[in-house]
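Visitor: Each chain, written out:
Protein chains: 4
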Amino acid sequence: MADKIRVGIVGYGVIGKRVADAVQLQPDMDVTGVADIIKDARLEIAQKKGYPIYASIPDLKEEMQKAGFEVVGILEDLVKESDIIIDCTPAGIPPKNFPLYEKYHRKIIVQGGEKDHVVQKSFSTFANYADCVNLEKIRVVSCNTTGIARILAPLMVTNEIEDVFVALARRAADPVRTNRGPINGVVPVLGISHHGPDVITVFPELNDKIYSLAVAASFTLSHVHMIKIKVKNPIDRKELISMWKKYPRIIVRRGKDGFNDTAQLVEYYRDLGRPRYDRPEVFIWEETINSDEKGNIYLIYDVHMESIPIPENIDAVRCLMGHTDVYKTVKLTDKSLGIFESEYDYNAKLPGDSPR
Amino acid sequence: MADKIRVGIVGYGVIGKRVADAVQLQPDMDVTGVADIIKDARLEIAQKKGYPIYASIPDLKEEMQKAGFEVVGILEDLVKESDIIIDCTPAGIPPKNFPLYEKYHRKIIVQGGEKDHVVQKSFSTFANYADCVNLEKIRVVSCNTTGIARILAPLMVTNEIEDVFVALARRAADPVRTNRGPINGVVPVLGISHHGPDVITVFPELNDKIYSLAVAASFTLSHVHMIKIKVKNPIDRKELISMWKKYPRIIVRRGKDGFNDTAQLVEYYRDLGRPRYDRPEVFIWEETINSDEKGNIYLIYDVHMESIPIPENIDAVRCLMGHTDVYKTVKLTDKSLGIFESEYDYNAKLPGDSPR
Amino acid sequence: MADKIRVGIVGYGVIGKRVADAVQLQPDMDVTGVADIIKDARLEIAQKKGYPIYASIPDLKEEMQKAGFEVVGILEDLVKESDIIIDCTPAGIPPKNFPLYEKYHRKIIVQGGEKDHVVQKSFSTFANYADCVNLEKIRVVSCNTTGIARILAPLMVTNEIEDVFVALARRAADPVRTNRGPINGVVPVLGISHHGPDVITVFPELNDKIYSLAVAASFTLSHVHMIKIKVKNPIDRKELISMWKKYPRIIVRRGKDGFNDTAQLVEYYRDLGRPRYDRPEVFIWEETINSDEKGNIYLIYDVHMESIPIPENIDAVRCLMGHTDVYKTVKLTDKSLGIFESEYDYNAKLPGDSPR
Amino acid sequence: MADKIRVGIVGYGVIGKRVADAVQLQPDMDVTGVADIIKDARLEIAQKKGYPIYASIPDLKEEMQKAGFEVVGILEDLVKESDIIIDCTPAGIPPKNFPLYEKYHRKIIVQGGEKDHVVQKSFSTFANYADCVNLEKIRVVSCNTTGIARILAPLMVTNEIEDVFVALARRAADPVRTNRGPINGVVPVLGISHHGPDVITVFPELNDKIYSLAVAASFTLSHVHMIKIKVKNPIDRKELISMWKKYPRIIVRRGKDGFNDTAQLVEYYRDLGRPRYDRPEVFIWEETINSDEKGNIYLIYDVHMESIPIPENIDAVRCLMGHTDVYKTVKLTDKSLGIFESEYDYNAKLPGDSPR
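Chains as they are written, first to last, in the numbering used here: chain A, 339 to 694; chain Z, 339 to 694; chain E, 339 to 694; chain F, 339 to 694.
A few of these clues could be false.
Intra- or inter-copy, both count: the list cannot distinguish identical chains.
What the hints assert, rightly or not - DSS-like, lysine-lysine: derived pairs with alpha carbons at most 25 Å apart:
no., residue 1, residue 2
1, Lys-387, Lys-673
2, Lys-475, Lys-453
3, Lys-387, Lys-666
4, Lys-387, Lys-576
Treat the hints as calculated values from the structure; they're not laboratory data.
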């Protein structure tokens, strides 16, 4: 590609800082800058990494400068410098920023906390890449929805899903949010959790076929899903293992090989030297995969909330900028981010292969 | 009843101490004593409560006495004094005690950690009371299985269950077991969890129709179940609420009324003055109850692992001693233990109403 | 006493509900009612216990009634009915209520979260009872300060304290506050913690002689203090054990006897049948008590934040109402609350024995 | 240096794997291999990093090979290939390995869990480097002792320490040890903790002058120390801040700048890209540093148990191999490990500068 895509990141928090680092690693993209309102150690990191810093609120620019940061401009300046904006601010804020982005006709990506209806389409690479090519404004679905979408995707292509029930044990807070609990106890979501309906935004064919319940508890490392999927054509346990092993951004390994729990999994990634011990791959415990002759499939998998949607954000950039080849973008994204290579046959069909 | 049933409790741990207190509250039972091998603060409690203390291992009797406890005999003495033994020792130990109990032809109850095959039948009041009347040796199923059995029981009578999938978020350790973790992280059961198969031991008609997955995490207050039940005849959400509200040992309340999480639930029981904040009732979050026209039912409920099987243990005593009226024993047990009165119509059919 | 002291409790939260129950148990006091603004399960408890309920904010009375509660009046009505008000609302609110209390010339007690300067004196039974007799408005110091005061009190009488350094490992949230963390991590108080200075409000002779540091972490059961006290006259370890064993509201026991940690301690109180497993006694781990010939004393003790200041609140009522005999009130309070009897010689001198 | 020091690492656990990575980064050292008995994901890491793998127990070699690992020899082979062995196996095992190491006259380093008396001397760079030069067998003291030694070191040189009391809030388990608790609760060390006495093994002049108490609780990120130090010559707070800021392997920063707790601190290191988010620097919360005119000094600091002793292990290698210049080794170690540069004046005196 001749010119690199100029990507501006708004909101340098848990997701924003990872998106910035991921964009920086792409051969076809440039970070034009990061915009935020903070002026503490978190912003030090942006400065150490050399990202141009912009003040999201113009009036704060001076304060941020006084705190010792080199602030090169305000949000509007960043928008001008960018082809596309990935807005990673907390839910509710991005729509307030839309007029500014649209004034300069910038492409827009928002995160999964945001409502589906504020964008043209919700996006997940393995669900509906092709449907989103060249759109103006999309939402990359949340970590849990991304995880579910990856798990279901290969079954959507080769089988037919009749029913999904997913029960989530959610981390109550990201590691850095020390003010949040519970310390001891379990907090149920009082009703259907948003995850089932959210999956339908990227897999509309699952309408009326997916339900989710969730509880949050006292851990910070990841979400863990216990899922039951009913497919039309019963499928053997070994085939399932092989299917997911071959799929991109999914790892299938045995707990007894040193992955007995999420903490051991984190330790493995720490030891691997992955930045921030991030695990953008969905991890399935192989021993939990089971199926029966009625078409029921059961498994437990891990979803690292901080990093799972990052590769999908990168894919989304290319998608909005008109790249039609989902295989190529997945390969490029995964290689640049050091994601474990799958044995995926990239000539095979992906769910998002062609517009539906 | 003329003579009280003489009940000996072996193992004065988390379950045993509760069973002893519950037996003591029955108008038709007497605690003949408690047997254990400990000699610390836990045993102080037994002494303060006035339970005759026996040494489970004869050689330890002297040591226990030296530690200041009044030990009135050894295990065999307790067996002689009792009509029935409730063995609450850790899994694996009860079968070693069986010969001693059988030498004196005593009725035997073991707990849910024990294997099903070591007894004549696994027991759960609302599942198969009638099948167990007058048996010699039974197992009261574990806390989680008891909870599931109660939830399913009313549906077994009035409907037909086609399929059950239960996902458990388990407390990793009882509050007193401070040496156990995890502190941060989630530990999946690597395969089908034992709960589904265990339910089948009391509801054989669910064979091939129930599956369970489980994770343990960093909390100590209770287990929380997220369940999907498919019944033959679709049933309205309101009807479900009413059905469970009327059922014994089940509470249905709204989270938003001050039960947003398990810690608030515990606080309520602390405030009620329940001993040890025990919650022998299964607690269903009303807002989570949902159903659809396909016959799917969804809900989340709380299972207090320390106390849930206690009333079933009391029922089991009467069952083995030949009391055939399950309604009467449930009423008697619940009243004596201060369990919330349900609006249950005790003339209606219970699943265990008649032998199957 | 002819007439019972009429005590109104404002704020039916963690402290307020315990104060109400404690007042109710006093032979010389009556609960005139509890005032609050809630209308959920917490208030159900007040109603179940038969406490007259008042609306702290007049406009909420109707709402509370609609929610099914029998609300007999508003805050002003409660004030009229009472001789003394124990205000247990969150810090900052009591001073706003003062004008109303003062309009009716009611005695006032506030809790330890409140600032010292808003009252006439801060109060702690074993520190300065005699100084507070017949005052109008006092503050019962917080749980941690109460704990420290009890530990230091016997040394204040029989020895001379030269220096105190206390390091607190604080529970980050009460059990019921599930929205608060941290889940994993430690939060230091950034500077001197308020505990040292707070002790000086009841022991002015410790001015410039006490310092405190504190961290909060992921547990809910109690605060644990590690303390170093330097006294003028070196004192033998055995003497120390005996001294604290004899002192009221202090327990000294060996960890290895079944009190290895705070969870085992809680279990003991659950087993004892103490309401809400409350531990109004300070618990010292005997093995940690140590001293040297320089006059240094070291120990670790447990402070149950929810219940420690409750007996002191009861004492405070009598103190304000003019009862001068601190021995008698301590004995009466402790007996009524079921606090472990100490071997305290009530003819011996207490620090608050005579005005200083 | 002409020849690189050949370093063999025995025990590839929490410490061993970090020591291996640190040795690998030294310009003057080579990892000859790592020996262990495991054959799971942890060993995969060693293989991915290219460390020659040895079987610590000869009989396990074949099993490890069958599990897919390239095992190049047994422990004795590794010993032959090495000039020095860093034994990082659990306490109690190293002394059993000593005869083998000594058979080949290898220098030996053991870790802080081991007893002091099994080696010639306990070692800590800033305490007694000079005393250990050319010794045969030393112990690098534990994480907490290392942390305390660093904090005290600059005061030992420029002032005189009269008294130290340190209260530790300990992480109950390393992140990977998910089987350990407590989940909720605090576990006191029942007596003086080993830390005080352990400091004396490297700072004998503190004999009778240091005391420590400790509790463990439900967090995994680090130990946090609350310390009171009494020095002969009172020292100003600002001077203290400046003193520690300039000292190697110590960071002093304000909590309010984004380091409010240990989780935020970890996040900073994750963001920095430090391997495994390791923090070999002691971190002092600047706001907690305080002092008075009596010579008392107070502060709270963080000790990352997994990585704090790693640089000291590297120093220890050079020390045993005869390098006398402690400044040079500290500089070399710190630079190679990416430790934050201090403003330390390496011409100034270090405590271990000359034999005492």
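Visitor: Hint numbers the structure violates, sorted upward?
Guide: Numbers 3 and 4, in rising order.
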